[in-house]
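Those sequence lines, one after another, are chains A and B.
3 is the number of the first residue of the first sequence in my numbering; add one for each residue after it.
7 is the number of the first residue of the second sequence in my numbering; add one for each residue after it.
FYI, nobody ran anything at the bench for these hints, they're computed from the structure.
The beta-carbon is built from N, C-alpha and C at its ideal position, and this holds for glycine as well.
A few chain B residues facing chain A, derived, Cβ under 7 Å:
1. Y76
2. F79
3. E116
4. E119
5. H120
6. M121
7. W123
8. I124
9. A131
10. F134
11. R138
12. L149
Simulated restraints, written as ranges between beta carbons of each label pair:
13. I95/A to A40/B: 24 to 34 Å
14. Y51/A to I14/B: 20 to 30 Å
15. K176/B to G81/A: 45 to 55 Å
Sample of chain B residues lacking proximity to chain A, with all beta carbon distances greater than 10 Å (derived):
16. L28
17. Y39
18. S104
19. M172
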Amino acid sequence: MATTSLSMTSREVNGSAMAALLGGGIGAFAMGAVVLLNEAGLFAAPTLYAPAGGVSGRTTLATIVWLMAWAILHNRWKGREIAPGRIGAATLILIAVGVLGTFPPVWALL
Amino acid sequence: MLFSERSIWTMVHGIGLGGGALIGLAAALFYLYAARSSDGAAALPGSRALAGATVLSAVLLWLTVIVGTYVIFPPYRVTPPAGVTDLSEFPRALVLASPSTAWLHSFAMESKEHMPWIASMLTTAVAFIAVRYRSRVLQNSSLRSLSMALLAISFALVAFVSLMGMFVNKVAPLD
Numbered sequence: 003m004a005t006t007s008l009s010m011t012s013r014e015v016n017g018s019a020m021a022a023l024l025g026g027g028i029g030a031f032a033m034g035a036v037v038l039l040n041e042a043g044l045f046a047a048p049t050l051y052a053p054a055g056g057v058s059g060r061t062t063l064a065t066i067v068w069l070m071a072w073a074i075l076h077n078r079w080k081g082r083e084i085a086p087g088r089i090g091a092a093t094l095i096l097i098a099v100g101v102l103g104t105f106p107p108v109w110a111l112l
Numbered sequence: 007m008l009f010s011e012r013s014i015w016t017m018v019h020g021i022g023l024g025g026g027a028l029i030g031l032a033a034a035l036f037y038l039y040a041a042r043s044s045d046g047a048a049a050l051p052g053s054r055a056l057a058g059a060t061v062l063s064a065v066l067l068w069l070t071v072i073v074g075t076y077v078i079f080p081p082y083r084v085t086p087p088a089g090v091t092d093l094s095e096f097p098r099a100l101v102l103a104s105p106s107t108a109w110l111h112s113f114a115m116e117s118k119e120h121m122p123w124i125a126s127m128l129t130t131a132v133a134f135i136a137v138r139y140r141s142r143v144l145q146n147s148s149l150r151s152l153s154m155a156l157l158a159i160s161f162a163l164v165a166f167v168s169l170m171g172m173f174v175n176k177v178a179p180l181d
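Just chain A, with the same shape it has in the complex (with noise of 0.2 Å):
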């Protein structure tokens, strides 16, 4: 009875889904990050199948931020009402910075 009463607490405040939509905005910018970190030549995910190259160990790492920083997120929030404005704001200028550096014209400032 206490878990089902906590669960509909859970669903009925927003944190969980802005936990989701921060952690997609953070996973956006860690692909951008690394891709950018690779192409400045200061850090290189290893490689994690050689046939594929360098991009398996960056998409990877990528991946683990995103749901690590998900994770993290939903265990902070999921109880709580969270105000949409500023992390819908922060979501979406993560994934523009993060989509910035995957776009190979902004490898050609570095």
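Dock chain B against chain A, hints included.
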């Protein structure tokens, strides 16, 4: 044989999985757009369909990027042995051999390597929200707007890399 194994994988990747994801994303965006004037409604039909469309899109996108990275990309990037003059079996070397097609690797394929992974993450986030919150996604304007924004970005990214993939495959197909 009409199609080689590599050609079939390319079609599964681009048409089956990627194309299916684009259709799913378009359907989910339509659900969210159509529900925009229903603020405050007690219960909205279609929340289950929205959850289904977003989950299907997320699954198809993850399959697309995994097949693309680990099945399609390796034969694309194989370096031809020294002395080989027919580069038709080596797509990356083929497009890089001519200045007029080199952009198909340096811009098109380089974009395809990472961008769709972002689309997979964003679509998964919205799928989670659609499953967990069901009709609240359609009723709550801020949640609906943010979900629509992420799906629209995913759709744009997938459409862009799909177009790039078509260009690459037109010039240097994996046969």
